[in-house]
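*Asks:* Model the full structure from these sequences, guided by the hints.
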Amino acid sequence: MRFRTNPASVLHWRQWDDEYVVFNEVAGQTHVLDTLTACALLCIESGATDLPALVSDVITHTELSADSVTKALPFVLEQLSQAALVDIIDG
Amino acid sequence: MILSDVPLGDLRHRLRQAGIPIKTGPFNFHVRSSIASVAQGMHLLYADYPVSADTEFVDFEVHIDEATGLRRWYRRQSRFVYDGASPFTPLPISHAFPLLEWSMNWCISTQAHQYLILHAAVIERDGLAAILPAPPGSGKSTLCASLICRGWRLLSDELTLISMSDGSIVPLCRPVSLKNESIDIIRRYEPSSVFSNVVRDTAKGTVAHMKVATDHLAKVHVSARPGWVIFPKYESGADAQLTPRSRAASMLQLAQNAFNYGVLGAAGFQALGGVVDQSGCYDFVYSRLDDALRTFDALAASRRP
Numbered sequence: 001m002r003f004r005t006n007p008a009s010v011l012h013w014r015q016w017d018d019e020y021v022v023f024n025e026v027a028g029q030t031h032v033l034d035t036l037t038a039c040a041l042l043c044i045e046s047g048a049t050d051l052p053a054l055v056s057d058v059i060t061h062t063e064l065s066a067d068s069v070t071k072a073l074p075f076v077l078e079q080l081s082q083a084a085l086v087d088i089i090d091g
Numbered sequence: 001m002i003l004s005d006v007p008l009g010d011l012r013h014r015l016r017q018a019g020i021p022i023k024t025g026p027f028n029f030h031v032r033s034s035i036a037s038v039a040q041g042m043h044l045l046y047a048d049y050p051v052s053a054d055t056e057f058v059d060f061e062v063h064i065d066e067a068t069g070l071r072r073w074y075r076r077q078s079r080f081v082y083d084g085a086s087p088f089t090p091l092p093i094s095h096a097f098p099l100l101e102w103s104m105n106w107c108i109s110t111q112a113h114q115y116l117i118l119h120a121a122v123i124e125r126d127g128l129a130a131i132l133p134a135p136p137g138s139g140k141s142t143l144c145a146s147l148i149c150r151g152w153r154l155l156s157d158e159l160t161l162i163s164m165s166d167g168s169i170v171p172l173c174r175p176v177s178l179k180n181e182s183i184d185i186i187r188r189y190e191p192s193s194v195f196s197n198v199v200r201d202t203a204k205g206t207v208a209h210m211k212v213a214t215d216h217l218a219k220v221h222v223s224a225r226p227g228w229v230i231f232p233k234y235e236s237g238a239d240a241q242l243t244p245r246s247r248a249a250s251m252l253q254l255a256q257n258a259f260n261y262g263v264l265g266a267a268g269f270q271a272l273g274g275v276v277d278q279s280g281c282y283d284f285v286y287s288r289l290d291d292a293l294r295t296f297d298a299l300a301a302s303r304r305p
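So the sequence lines, in the order shown, correspond to chains A and B.
Residue 60 in my numbering sits at position 60 of the first sequence, with consecutive numbering throughout.
Residue 229 in my numbering sits at position 229 of the second sequence, with consecutive numbering throughout.
These aren't lab readings, by the way, just hints derived from the structure by calculation.
From the three backbone atoms N, C-alpha and C, an ideal C-beta is built for every residue, glycine too.
Please note that the accuracy of each hint is not assured.
[What the hints assert, rightly or not] Label-pair restraints from in silico Cβ distances:
{"id": "1", "chain 1": "B", "residue 1": "G265", "chain 2": "A", "residue 2": "Q15", "range": "17 to 27 angstroms"}
{"id": "2", "chain 1": "B", "residue 1": "Q270", "chain 2": "A", "residue 2": "A66", "range": "31 to 41 angstroms"}
{"id": "3", "chain 1": "A", "residue 1": "Q15", "chain 2": "B", "residue 2": "Q256", "range": "14 to 24 angstroms"}
{"id": "4", "chain 1": "A", "residue 1": "G28", "chain 2": "B", "residue 2": "S86", "range": "22 to 32 angstroms"}
[Unchecked claim] Covered by chain A, per the in silico footprint, the following chain B stretches (three or more residues, Cβ under 8 angstroms):
{"id": "5", "stretch": "239–251"}
{"id": "6", "stretch": "270–277"}
[As the list claims (entries may be wrong)] Derived, one-sided and incomplete: chain A residues facing chain B with beta-carbon distance under 10 angstroms:
{"id": "7", "residue": "Y20"}
{"id": "8", "residue": "V21"}
{"id": "9", "residue": "L33"}
{"id": "10", "residue": "D87"}
*Replies:* Right, dumping it as C-alpha cells:
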C-alpha cells in the first residue's frame, strides 16, 4: 500500500496533550484526531509513503506496540482517506 | 451625548426622519424607524448608549419600517430593511423592537469579519472571559443574565466577538434577550432589573430584553482575555456540576457554533485555537442560579494570583 498527503490540502495543527485538531485550509474542514491517527498523518506529511515505513515511524513517535500499530493502521489510513487528508495511491 | 439626552418625542421624530446613530461596543448603528415601539424600546434600553456624531463612520444602517404589502390593511407588519432589501419575512407590528435587536445581530454576524463571531454568551471577571456556547433551551441566557446581576460583567449575551488582530474578546454590551419562563425567573432574581415590553408569539416564543447596567456599559471599551469555555445545560433539580471536557471537542463545537469560522479559514482556526489554548473547558449542569453563581465565583477565584 502506498499513500501520500492529499496534494490539494493545506493543514494547520493544534495539540493539547493527546488530543489533536487539524484544519484543512483548502476544504475548510476541521477534524479531531486521536494520537495514532494524528501521528500517522504527521508521519505521512514528513515523507512516509508505504506501510512498513509508516509503521516504523509511528512506533518511533508513540509508545504503541508494533503489533497494535500494524493492525490499526489500515483502518486509520482508510479514515484519513475518507476525510480527504490522505490519498491512497495503490491498495 | 447619550440617548437619554434626547426626549422621547424628539427620538420618535428623529427615528422617523433622518434616523439616529448609536454606538454599541465597537459598532455604530444608524437606526431609522417610524414605529412607536422601536422608539420606546430604544429610549428605555439604550438610554445610556452614546449617540455618535453625524460625521462618524456608520457600520450598519438599520431600518425597521412598516411593511407595505396588501396585508397592512388588515394586519400591520414590521420589516427590516438593509441596503434596500428585506432579508427577513415581515413580522407583526408588535414584534418591531425584538426585530430591531435581531436585525442588529444579523448585521454583525453576517458582516463583521474583523472578528471571529461565536454564537455564545460571554461574561467577564478579573479580566478573564467565560464563553457560554449552547443551543436554545440550555439556559444560557438565563445563566448569563443572573451572573451579570451578581458581579460578572456582560460582554454579550448572544455574539462573542474575538478580535482577529489580538485574540481578545471585545464587549458588545447590548440588551440581554430572555425568553419565556426566563423573563420572570430573572425578574424575581433581580427585582431592580429593567425590561422592555414583553412580546408574545414570536418565532422564539415570548421575548423581552433586559437593560444593561450602567457600570457594564462604562467598561464597554475594556476587552477581556479568554479564560473559560463552559457549555451550560439547565436540568430541573440538578445540583451544580462543573466537569472538565476535551479541548479538542470543545474547539470543534465552538467552530460549529461560529457564524464566520468558514469565512475566515486558517485565520479563524488560529484565532479559535488561541481561545482554547487559554481556556479551561467545561460542561456545566445546573438548576439553581445561586449554585451556579457559587460555581462561577469559585472558578474565577481559582485563577486569581
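*Asks:* So, for every hint listed, does it hold in this structure?
*Replies:* Structure-based check of each hint:
no.	hint	verdict
1	B:G265 to A:Q15: 17 to 27 angstroms	holds (20 angstroms)
2	B:Q270 to A:A66: 31 to 41 angstroms	holds (36 angstroms)
3	A:Q15 to B:Q256: 14 to 24 angstroms	holds (20 angstroms)
4	A:G28 to B:S86: 22 to 32 angstroms	holds (30 angstroms)
5	239–251	holds (count 5)
6	270–277	holds (count 4)
7	Y20	holds (7 angstroms)
8	V21	holds (5 angstroms)
9	L33	holds (8 angstroms)
10	D87	violated (21 angstroms)
The structure fails hint 10 only (numbered hints given earlier).
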